[in-house]
Every structure is written in C-alpha cells, then in structure tokens.
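The listed protein sequences derive, respectively, from chains V and B.
Here the first sequence stands for residues 122 to 376, numbered as in the numbering used here.
Here the second sequence stands for residues 1476 to 1656, numbered as in the numbering used here.
Derived from the structure by calculation, the hints contain no laboratory data.
Hints may contain errors.
Unchecked claim - Partial pick of chain B residues on the chain V-facing surface, computed with a CB cut under 10 angstroms: (1) L1578; (2) L1584; (3) H1603.
Quick reminder that beta carbons are idealized off the backbone N, C-alpha and C, glycines included.
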Amino acid sequence: MTTDRPGAPRGGRCDELRDALTDVATGTADGVARAAVGEHLAACDRCREELSALSAAADEVLLLAPEQEPPADFEGRVLARIAGGSGRPVAVRRHRARRRALAVAAGACLALAGGAAVWTATAPDRELAAAYRDTLDVANGRSFAAAELVARDAGPGETPRTVGTVFVYDGDPSWAYVVVGDPGAEDSFDVVVATGPGPGVHPQRLGACTVRDGACTAGGVLDGDPHDVTAVRLEAPDGSTWASTGRPEGWTHGW
Amino acid sequence: MAVSDEALLAGMAADDPDAAAVFVRRHQARVYGLALLVVGIPAVAEEVAQETFVRAWRHAGGFDPRRGRATTWLLAIARHAAIDVVRVRRDVPVDPVVMAETLVAPDRLAERVATGTTVDAALARVPHEQATAVVLASVFGLTGAEVAERTGVPLGTAKTRIRLGLRRLREELASLREVTS
C-alpha cells in the first residue's frame, strides 16, 4: 500500500491541510481551501516545498494527452488575435471574433450531441453566455469573477460563515468591489487586496468599508493586474484579518 | 540549433510576433490535443487552444523557468481554459472517467513507455484506481466530490486516491529522473 513518504509534512495543521494542499496542486481547490493553504504556506517551508513538488507532478500529467494537429492555419488565427489586441489588453473585437467562433462551435456541438432536444435544453446556458459577453463588451472587459468572503472567527468544529462577496472585474479599468451583509459586531473594515505570493509585493488598500444599517460596501480601481490577485481581506480596526477569500472562483495562475 | 522555449517566451514578453509564431507552431499539437481531450468538440477545442496562446502571450513575462518547463506551464494554461469552458457548458460530449481510464490503461501506458515518455512510465507504477483519480483531478479538473460521484466510491476514498496517487506519482517521477540522469 502506498503511504505518504517519510519526509512528507507532519503535524496538526499540515495534516489537516493534506487534502487541501492536493486540491491546490491539481487546481481544483475552492477559494476557502486556497486561502487556508496560502495562509499556512507563509509559515511552513515543508508544505511550500510539498506543494511545489505536487504541482509539478500534476502538471506533468497533462503530457498524457495525445498530440493532435489543429485545423489548417490555426497559427495564423492565433497570431491575428494577438496582433488584433496585442493580447494585453484585449480589444472589443476579440470578443466579437470569439462570439463567431462560439457560434461555429455551437453548430458543431449540435451535430455531435445528436439533436434539437439537446440544443433546446441548453438554450438558457447559451443565452447566459451571450449576455455575459455582451456585458463585458460594453466596458471593454475581459472577465468578471466573484468569490465568497469567509469570517475567520469560527471556533474549532464550527463551520466558517460566509459574510459577504467580492467582485473583481478585469477591464479598463479593472476594479474590485466588496459587499458585506453580515459584519458581526464590527463598525468598519479596511479592504485589502493581496497580489502575488512573493516577498516585496505590497497589498493594496482599497479603502474603508463602514457599516451602516447592518451592512457595508467598498470598492476601487485595482493598481495592478487582476490576474495577480491572490486574496481579498477585511481587516478589523486592530489590524487582524476578520474575513478573507482565496483567489476568486475560476481564477487560476494560468488565467 | 533550435531556439529554446524560454528564449521564445522572452521574445513574446517583448512583443515579438516572430517568437510567438515559432512558439505556436512548436506547441500547437500538444495544446490542441489536450483541449480536444477535455472538451471533445473540435471547434470548441480550437477556441480553447487559441485562448491558451493568447493567455501565454499576455503572461509570457511571468513565466519562471525555475518553476517548471514551458511545455507544462503552457499545458496548465490550456487545462484551465478548457475547464472554464466545460464548467459553463452542459453539452460537452466527454465522459472524463472513460477518457481517464483510457489514458491510464496498462496497455496504452506500456506502449507509450516504449517511446520514452517519463510521465507514462511513472503512472504505470501508480495503482490503477489512484492513477485514474489523479488524471480526473489534474486533467479534467474534477474535485474529490466529483470523482467520488463519477466513480461510485465514498468521498473519503476518492480524496485518498487523489492524494496518495499524486504523491506516488511524484516519487516515481523523481526516481525515474534519477535513473536517467
């Protein structure tokens, strides 16, 4: 039977986070697990090394996929997209091109899925996707993500409660907005956006979220690339982290 | 001598379209192959593959060769792009369990081992159920709960298979690299 190797991380918190560490390595962790692992890694060299090795192994698995040549002039279409918007930032026309490609894809899908019943059943998804792309096009956006803010005050054995939501928009400009519906006994928070795991990366303070009528909201333009956002925190007046989130759902290092 | 991937990515980070062209040509079959494996529809796979290279262009400056090879960095981007698509579409005609079982079938692995693919050789030494679970998580982005549901095992079993399988794979990869070096 396979066991964890003798040199693998040991100890209370390390053991508790074994599955979460695995999920982060395979890219399947949710925001809460990412936040928990991120916080732990800051203080645990062994788990940081472990995650690095496991992530490398998980990425190697991708080499299993058989190689397949794409359709003719694939390279030309990629280069046109890059030239069209320089890739960074991407212009509106990219979304139009994508919409055309998706229309082609949808047609192919119809043929493969084998019938109008499937096409009809998936209509709400397609309408939602089209509305999402239209919304992004209006403000030159590339993506819009949301994540739950989870309070840190849960005791042992208690389920951490969701107290609010963070919205992050990747566009021109990029911004983040926080909505807290359950501020507990606090009067105000500082909203802090953490970017990148490395040293020397300073978190951005978006401003104060002042509680009125049992709720608060705050937001602002992001200084850096929203792809680099690793967590959003609510800091209590004493400087402690009252609630936080990992990277918004659907955001990954390869975003 | 061929230009290294690292040099091409540096060129892409400096907005050099020629570097991008060489990079795309070199990797397009791997990227498109992975995309097609995950989404199963050629036109959607091409969209995913295009998106992968656009993201690679956008983030070329962030590639760190100390953290891994350009190929796996790029394939990780492709995987994320493909899974993003799968999550918003319910009409993807791919059964991840069938595909994962096919990828880690002993006969297929043995055949590919003969051609010198390290990850195939390493996976061939991982217990079959664990190898399948690792592929479901790492390639198809299935969570422990989804692996449990799709393979008909309790959640704890699924999580254990992924965790032990990935650690075993890491050890086998390290051991194979020691032998070859």
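Under 10 angstroms, Cβ to Cβ, is where B/L1584 needs to be relative to chain V, so tell me if that hint holds or is violated.
holds, 9 angstroms
Was the hint right that B/L1578 lines chain V, CB cutoff 10 angstroms?
Hint holds; B/L1578 Cβ to chain V Cβ min 5 angstroms, cut 10 angstroms.
Does the CB of B/H1603 sit less than 10 angstroms away from some CB of chain V?
violated, 12 angstroms
In summary, the one numbered hint that this structure violates is 3.
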